[in-house]
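We have chain A; now place chains B and C onto it with these hints.
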Amino acid sequence: MKAADFSYHEAVNLQDAINIKAQDDEAVILAGGQSLLPALNMRLSSPTCLIDISKISGLNEIKIEEHTLFIGALATHSDVMSNKTVKDNMPYMIDILKMVAHPAIRNKGTHGGSIAYGDPAAELPALAVATNAEIIVSGQNGDRSINAKDFYLGLFETTINQDEIVVGIKYPLLKQGQNIVFDEVCRRHGDYAMAGLIANVMGSKNDIKDLKLVFFATGDKPDVADKTAELYLDNGYDYDKLKNSLSSEIDFAGDLNSSSEMKLHLATVLIKKVLSKLEI
Amino acid sequence: MAANNSVNISFTVNGERFNNINVPSRQHLADYLRSQGFTGTHLGCEQGACGACTIEMDGKAVRSCLVLASQANGTNLKTVEGFDDEMMEKVKQNFLKHNAFQCGFCSPGMLMTTKEILLNKKKLTRDEIRSEISGNYCRCTGYQSIVDAIEECINEIN
Amino acid sequence: MDDIKVNQNPKLGSLDRPNSYIGRSLPRENAKKHLDGGGQFVDDLTLPRMVHVAFLRSPFAHAEIKSINTNDAKKSDGVIDIFTAKEIDEVCKPWIGTLGHLGEMRSPEQTPLAKKIARWQGEPVAVVIADSRAQAEDALELIEVDWVEKEAQVNMETALDSNAVIIHPELGNNLFWTRTVNQGDVEKAFKEADAIVETTLDFARHTGVTLESRGIVADWNKAENKMTIYHNGQAPHMMQHIIAKHLDLNEGLVRIVSRDVGGSFGIKVHVYPDEMAVTAISKKIGRPVKFIADRLESFTTDIHARCHKISGKLGVDKNGKILAMEIDDLSGIGPFSMYPRTSAIETNQVLNLSGAPYVIPNYKAVGTVVFQNKTPMCQYRAVGHPIAVAITEALIDKAAYKINMDIDKIRKINFIPDNAYPNKCPSGVPLEDLSHEASMDKLLEIMDIKEIEAQKEEDLKKGVLTGHGVISMCEVTNPSPLFYGVGGAHISSQDGASIRLEGSGAIHLSSSITEQGQGTEAIMKQIAADQLGVEMESVRVTLGDTDATPYGGGTWASRGAGIGGEAVLKAARKLKDNILNIAAAIMQTDKDTLDIEDNNVIRKNGGEGISLKKLAETVYYRGHELPKGTNAELLATASFLIEGIPFVFTNSAMGCQVSIDQDTGIIKINKFWAVEDCGTQINPKLVEEQIRGGVIQGIGGALFEECVYDDQGNMQNATMADYLVPMAYEMPDIIVDHVTTNSGRSIIGAKGAGEAGTGGAPAVIMNAINNALKQVNAEVVSQPITPEKILKALGKI
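Top line first, the protein sequences correspond to chains A, B and C. Residue 222 is where the first sequence starts when you use this note's numbering, and the numbers rise one by one after that. Residue 6 is where the second sequence starts when you use this note's numbering, and the numbers rise one by one after that. Residue 68 is where the third sequence starts when you use this note's numbering, and the numbers rise one by one after that.
Bound conformation, chain A alone:
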């Protein structure tokens, strides 16, 4: 299929993009386009106007800023993966991004795009929630910072306003003894997962002091399972108990490749798989 007609506007700067977006309800931001273009090509989305922000300079910066790693919205997944600051300060980010689609998609797909799109099956929104990241958005009233856990409301739904654009994400740097471990189960390499888990752990394998579990591809947004994490801290890995807990804590939504029952099972075994990756 071919996309329906739309007008195309190459934004000259951030303010330009914000202004157009504020004026046109149906205008859509185009960054890397790796999720938007398929929707356009299949006429699942027919916006009146695309605002291309990809040429705006300065939005792809990656830097350390007040104990956080800031990743500019327009940094592509490939940019992030090959960035030395990321490698030195947040090496797990590179391994997570290896699970995102395929190289040619990562060359074009942007960090901010993935965060803003809010696909419940995507890795980065879950990572942002797991790491307590701040999402920086810019709008007519200036910038605001939204904690990732408050950013995602539901299926492809975020707190971002019509006039706002994600400009960057601030990931807190890991403290001494803090680890990010993760895994996902896919039918095929690079596919969206049947279920995935990112765990933010304080402590070592045999001595976990604090634990945050964030699942993806399980429900309608990144699913935080605090009660289940607590249960794990109290009892260790008990499949039945953890499964029960997850079942009450997360509203599992089945898809073509895995039923909700399957997702619940995979989420449970992922706790074991992921935490076994911690060093002793």
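If you are wondering where the hints come from, they were derived from the structure by calculation, not from laboratory data. Wrong hints could be hidden among the right ones.
[Said to hold, decoys possible] List time: in silico BS3-like cross-link candidates among lysine-lysine, alpha-carbon distance up to 27 Å: (1) A/494 - A/430; (2) C/153 - C/351; (3) A/498 - B/128; (4) A/494 - C/529; (5) B/65 - A/308; (6) C/523 - A/498; (7) C/476 - C/738; (8) A/426 - C/529; (9) A/498 - A/462; (10) C/99 - C/133; (11) A/498 - C/863; (12) C/388 - C/735; (13) C/385 - C/258; (14) A/305 - B/65; (15) A/462 - C/528; (16) C/863 - A/494; (17) C/153 - A/462; (18) A/498 - C/388; (19) A/370 - A/464; (20) C/153 - C/293; (21) C/859 - C/376; (22) C/735 - A/464.
[Claimed, not checked] Looking from chain B toward chain C, a few residues come up when the C-beta cut is under 8 Å (computed): (23) 9; (24) 27; (25) 31; (26) 49; (27) 64; (28) 65; (29) 106; (30) 108; (31) 109; (32) 110.
The C-beta atom is built at its ideal place from N, Cα and C for all residues, glycine as well.
Below, chains B and C alone, put in the same frame as chain A:
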């Protein structure tokens, strides 16, 4: 219905200049390139899942069905028709030697993916090669011959 | 020159000579164009004044079309016209997908566009003709159809129930075709059996997913009354006949051009309503018309395959000898039987092929084929094989487990012995020149079963379920007229070759076989150059053009090498004979003292020869120098068809080892082996690549691919992100080896090799998985075998 929106842009394809051309706003780059005779860029799904349309944009592999022609403004593009340097000639010889294609429809995208693998200059295992090409669909070969060809290219370069 | 592979066919002459190309893994130099972006696929073609179409397709599986209003759509930018069934039917006559040789088939008339009722989601209903495809799609959104959705008959298992929705009321019920085979007395034999095993297997619908989708450009030239069709099909002469017949054209003035084809696998050998409509539109508007299916259209309108549920029963004595086999197969084919091959053939092959490698004295098979409101189902690579092989081999493994016998041993004691051919399948279909015993021996030799067994125990200790399987199978190739022609289909089972020596000394060859990537052009060149005694580079080949090639069947059912190749061989030998006669006249010597090597006629005993170039120059430019009465024809043609038997069978043995993650249900294929006996291998590398590509398609069906439908008959996963084709990372390397038993039906001795991988892989993978699951008393019986099905079998969910 109103006339279709269009955009005025410039870029190069395999060194050939396209200056101040008018493209429909909604046209993806693959369709534009094909309309200009670069028919080596193939379309298999128009959603980025098959890899057949993969081309080089400013030195990086991209899905040309997931880039609007208008987004290519100011870029340098390379399509399979322009893969004629020494390295790519070697790659083609290895593809031929291993019969790393049958119908040839996936080949332009597969060659672009191979090019990017080789430019990264990493020594890869067969599994890693499989991972790198796992976004390029080939219905004919079953992939083994493609992995063979890429493995030989990597060995020659490293 | 590449390594010489041992060629065991004495009819082809010594390998130790110049220009002996048959049997060598030569690279396909002719195909390098694809690596330079120079392929010529249908969508690459642009003709002056060419227009584009987009089809309005039924969004419902079953719906009445009350009215269609195209007024607004016709005003849309770039629209030239919009047609419904009424306009197309003025130009194109309907067809019926039945044949006469397999008992009664019942399928109603089908027209390019649905008239009053749409019967599958995706059936074309109206068509917009516009300056661009995008504009045609814009107009689609403005067409108003008054639909009345009807209840759909989706599930094949309820299609014959008394309360089923009858898809074609004039037929009275949803039965398309049924057949029963009964050899011996199964009931009596089962009573005598020491052990009886039973199983029921499910095979989901899947489809071909050729990377290049279906495409056609139809160009009606009123001045010449000529229709030229650029089409990515497999059988140009069949299409020529069908288009002439249904558009009422002079068949000789219909030209089908099939240049490069981006994979076909049987998908592109059928007559599709949308393609017929495109041809009719060109005739109506007098302009070239292009239609390229998009991926959504591919998924919902390319033929689907499989969709079977089969029950089987096997009885053995205490020594493992098979006494009887019984199967009952049900298949759903959508709302119409496809034209012109019919949708009965997959089930027919299930009945023909089940148990084929084995001596089974008592055999009963029932096949039932029903209509349903889903995409039409028809022949795709390895037609019927996956079902026949899986049921047979699953039952044999079960029997082996039950009587505690090794899985290879039970097969060996039941094989039709290699020295017992000609013989027959349990169904009665004739077999010849097969080698199940030798192939299984070779398979076991390369697999190292002992090491595999040892690893299985090691893995179990680690909690990993590892298992393996071996299977044997027969593969239908090189069909004779008894396949389609006898039933009334105008599909040629004969193929032709024409070869000439040109004034430049070059050789030109044309064949009715087509190229879809298998390497047709390369092997035709190899045969011609080998038999003539010329360098490969001096041969050029024309394929895929009904105006330029001999008449014939095309490429399907693994018939290119065995039938088309034999025609090339015969034509080349004739031309050589002519050349030597002319040379003998010029050189004033006895023809028997001459031969051709490296493009020169040589004297076998030494002395000066003459180059083919000089000889051709003499013939064409200075014919007066030849002795009077010399037959100076430098053009030879030949044809070939298989006579006396329905098919030339190939056989194959396969093995694989899989591991299962008990937590996630993910299956990993660790190793895969295939031994193929396809007789003479013209290019062993290309044979191996047919096996490998075929195996991967088989793995697709076994583990990944499924057209998922909801209860209303809507396909749920009609995109390449949702329909899971095999990608590189999950696929194994495949070790291929060979046994060679030449076909006695031809000089070249080649049999086909394209079906086995796809036909056998689903069986051996399922057996290996069940071998692994057996350790925890679990079993899977439904393909694709997904992680979820594994976890259910394991009782985890």
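Report task. Take a quick look at whether residue 462 of chain A and residue 528 of chain C sit within 27 Å of each other, Cα to Cα. Result -> holds (26 Å)
Query raised in the report: Has the given pair, residue 498 of chain A with residue 863 of chain C, been kept, meaning a C-alpha gap of at most 27 Å?
Result: holds (23 Å)
Report task. For the pair supplied as a hint, residue 863 of chain C and residue 494 of chain A, confirm whether the alpha-carbon distance does not exceed 27 Å. Result -> holds (16 Å)
**Report entry** residue 49 of chain B as an interface hint toward chain C, with CB separation required under 8 Å
**Finding:** holds (5 Å)
Query raised in the report: Is the hinted pair residue 494 of chain A and residue 529 of chain C satisfied, with a Cα-Cα distance of at most 27 Å?
Result: holds (15 Å)
Query raised in the report: Does the structure keep residue 735 of chain C and residue 464 of chain A at a Cα separation of 27 Å or less?
Result: holds (26 Å)
Query raised in the report: Taking 8 Å as the limit, does the beta-carbon of residue 64 of chain B come near enough to a beta-carbon in chain C?
Result: violated (19 Å)
Report task. Starting from residue 65 of chain B, check that the Cα of residue 308 of chain A is at most 27 Å away, please. Result -> Satisfied, since the Cα-Cα distance of roughly 21 Å is no more than 27 Å.
Query raised in the report: Is the hinted pair residue 476 of chain C and residue 738 of chain C satisfied, with a Cα-Cα distance of at most 27 Å?
Result: holds (21 Å)
Query raised in the report: Quick one, are residue 305 of chain A and residue 65 of chain B close enough, alpha carbons at most 27 Å?
Result: At roughly 19 Å apart (the allowed maximum being 27 Å), residue 65 of chain B and residue 305 of chain A satisfy the hint.
Query raised in the report: Any CB of chain C closer than 8 Å to the CB of residue 110 of chain B?
Result: holds (3 Å)
Query - Interface hint outcome for residue 27 of chain B [beta carbon to chain C under 8 Å] - result: violated (14 Å)
Comparing the model with each earlier hint shows violations of hints 10, 12, 17, 18, 24, 27 and 28; every other hint is respected.
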